[in-house]
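Following the hints, put chain B in place on chain A, whose structure we already have.
Line by line, the protein sequences are chains A and B.
So for the first sequence, the working numbering puts the first residue at 1; every next one is plus one.
So for the second sequence, the working numbering puts the first residue at 1; every next one is plus one.
Heads up, none of these hints are tricks.
Which residues of chain A face chain B? A few of them, derived with a C-beta cut under 7 Å, are: (1) L75; (2) A105; (3) D106; (4) V112; (5) A118; (6) F131; (7) P137.
Reference excerpt, derived from the structure (chain B facing chain A, CB under 8 Å, subset only): (8) Q163; (9) F164; (10) A167; (11) A169; (12) G172; (13) N174; (14) T177; (15) R181; (16) P185.
Simulated from the structure, these hints should not be mistaken for lab results.
Owing to the predicted nature of the structure, the values given are computational and were not obtained by experimental measurement.
For glycine and all other residues, C-beta sits at the position ideal for the given N, C-alpha and C.
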Amino acid sequence: MNQPHMNQPHMNQPHMNQPHMNQPQVNRGLRAQIGVDRGDFTLDLPLSIDPGSTLALLGPNGAGKSTAVTTLAGLRPLDRGFIELAGRTLDRADGPGHLHHLVPADQRRIGVVFQHYALFPHLSVIDNVAFGLRHGPADGRINKQHARTIASQWLERLGVGSLAEHRPSEISGGQAQRVALARALVVEPPMLLLDEPLSALDVTTRAELRRVLRTVLNDFEGPRLLITHDPTDAFMLADQICILEQGQVVQTGAPEEIRAHPATPYVADLTGLNLLEGVSSGTTITTASGATLSAATSAAGPVMLAIRPNAVSLHPDEPHGSPRNTWATTVTGLEPLGDTVRVQLGQPLPIMVDITPAAAVDLDLHIGSIIWAAVKATEVSVSPS
Amino acid sequence: MSRRVVGRPPLVLLLLGSVGAMVFVVPLIGLASRTPWRSLPTLLTTGIVAEALRVSAITSLSAAALSLVLGLPLAWLLARTDFPGRRLLRAVVTLPMVLPPVVGGAALWFALGRRGLIGEPLYDATGFLFPFSIWGVILANTFVAMPFLVITLEAAFRSLDPQFEAAAASLGANRLTVFLRVTLPLVGPSLAAGVVLAWARALGEFGATITFAGNLEGRTQTLPLAVYLALQSDIEAAVATSLVLVAISLTVLLVLKDRWWQRT
Chain A
1 MNQPHMNQPH MNQPHMNQPH MNQPQVNRGL RAQIGVDRGD FTLDLPLSID
51 PGSTLALLGP NGAGKSTAVT TLAGLRPLDR GFIELAGRTL DRADGPGHLH
101 HLVPADQRRI GVVFQHYALF PHLSVIDNVA FGLRHGPADG RINKQHARTI
151 ASQWLERLGV GSLAEHRPSE ISGGQAQRVA LARALVVEPP MLLLDEPLSA
201 LDVTTRAELR RVLRTVLNDF EGPRLLITHD PTDAFMLADQ ICILEQGQVV
251 QTGAPEEIRA HPATPYVADL TGLNLLEGVS SGTTITTASG ATLSAATSAA
301 GPVMLAIRPN AVSLHPDEPH GSPRNTWATT VTGLEPLGDT VRVQLGQPLP
351 IMVDITPAAA VDLDLHIGSI IWAAVKATEV SVSPS
Chain B
1 MSRRVVGRPP LVLLLLGSVG AMVFVVPLIG LASRTPWRSL PTLLTTGIVA
51 EALRVSAITS LSAAALSLVL GLPLAWLLAR TDFPGRRLLR AVVTLPMVLP
101 PVVGGAALWF ALGRRGLIGE PLYDATGFLF PFSIWGVILA NTFVAMPFLV
151 ITLEAAFRSL DPQFEAAAAS LGANRLTVFL RVTLPLVGPS LAAGVVLAWA
201 RALGEFGATI TFAGNLEGRT QTLPLAVYLA LQSDIEAAVA TSLVLVAISL
251 TVLLVLKDRW WQRT
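Bound-form chain A, shown alone (with noise of 0.2 Å):
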């Protein structure tokens, strides 16, 4: 306090660490502020991911999730904030009376994965992953022959190889999902967004998919944007999940902090998913903690474990019924959330538990207490990692 000239350089140290602050252009990652506004909907979303990072963009139907592609892939201009990518102003819009800038969505070369993957109906699955190299920038067209060896390379990659000549209306959902990320990287984007990649698949293959996708996502330089309604998937995937509700942030952050300390009783309700690592033998996991649990369906080797938190239920006593997974464990934490209480249990098996704060009052529940927690085979979902 007496020596305020000493104070000086320590205050500049963090513009001078982070030259991108004072040098856009520098960065490779997406900056954004989305504001739309239509009718009496308002989105007001600020973005902003690393390269090599992939966030997740997590809201139920309805929450602006689809304006923010439309904007973001150049289908839509923006009515305030502005979207940068790789240094490069895409669009802006500063208000009314001000200058708008609009890359043409054909400009912006974001790679996108469109909800229902969009493969051109009339061309082969093959000359669907070339058509960006075909057609693209008049700049980078190659000939036909070129692209189409590109494109079953990507293909072998993604594991649909042997589709190459089939109409994407004979191939499943699952395998025209790999064509739909062969056709976007095929062009080497700065960016990928994939707009509810998994939401039209059953639940086998979405597993099987969401492998595929982390792959994808891993290899890819670039910022990475997932649009998502489904926490499971926002989980699985993403390094960071930003959530929206009616068109406003939530909350923002790793997966773990979001979990841990949810902002609202909706993401709450949202996030809480328990996701656990284990390794799996039939219908029977051993979880990464020691814990043996019993689920529905069978699987092989490692896997993810997904258990909701109301789907746990919570007894005084050794419960006996039709629940496969009884264990008795300690309460390690309490958190009231508006109408639940969220339980946090310890070893042998730490995850949450939501409960009503009448059931919370009625256990007598305080941090220290020995409880039995119970859940059925068929509310442990898995999928393999």
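Frame of chain A; chain B shown alone:
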């Protein structure tokens, strides 16, 4: 899913339905019964029938081509852009489908005739006249035929999932490339249906043609006009010409059945 009734249909429906079918079948039988099958080849290749066939072929195909060249962009504009008066324009474009063709012919006459709004200055400047020329027939045919192509294509453009075009744009294809490589192939079946419908309508055109372009043998006399004239003088020629039109129309309808009639 089959909507067919199992068992015998109610008698009253069977009876009235059969009579309804007769309304269409009987005239065709009448026409066939009067057809001079033996001399048909000669009739179709000589005299006024042959001349009318030539004029009809040239004018109907030209009108179909013109409808395509002008109607395709018009349909795209109506479906994909928004401008003041778009709804009114759409109504005006489809007007010839419900307007008596004679009225259309008269309207063309007042606009492009010898003393018409545009016709008069055009004639004074170049000496060119639409009426009584094959160009007049083509114009009259296009006037009545193009709406069929425009509404078919407009519906196709509207029902096209915009995700396909968005996907093409996201891959770097510019707007013209998107139109040529994605939009056009996707509306291809409707495009073909629209052209064939327009052509068939042009082929059968009577009222606007006779009002605007007259009935000059070898110049503006098309098949329908020849039928009308021949009925008063040469019945055999009238029957032969009618048969040609029936055959062509029936073929078009059978080919287009799935595409057009189930759509609307």
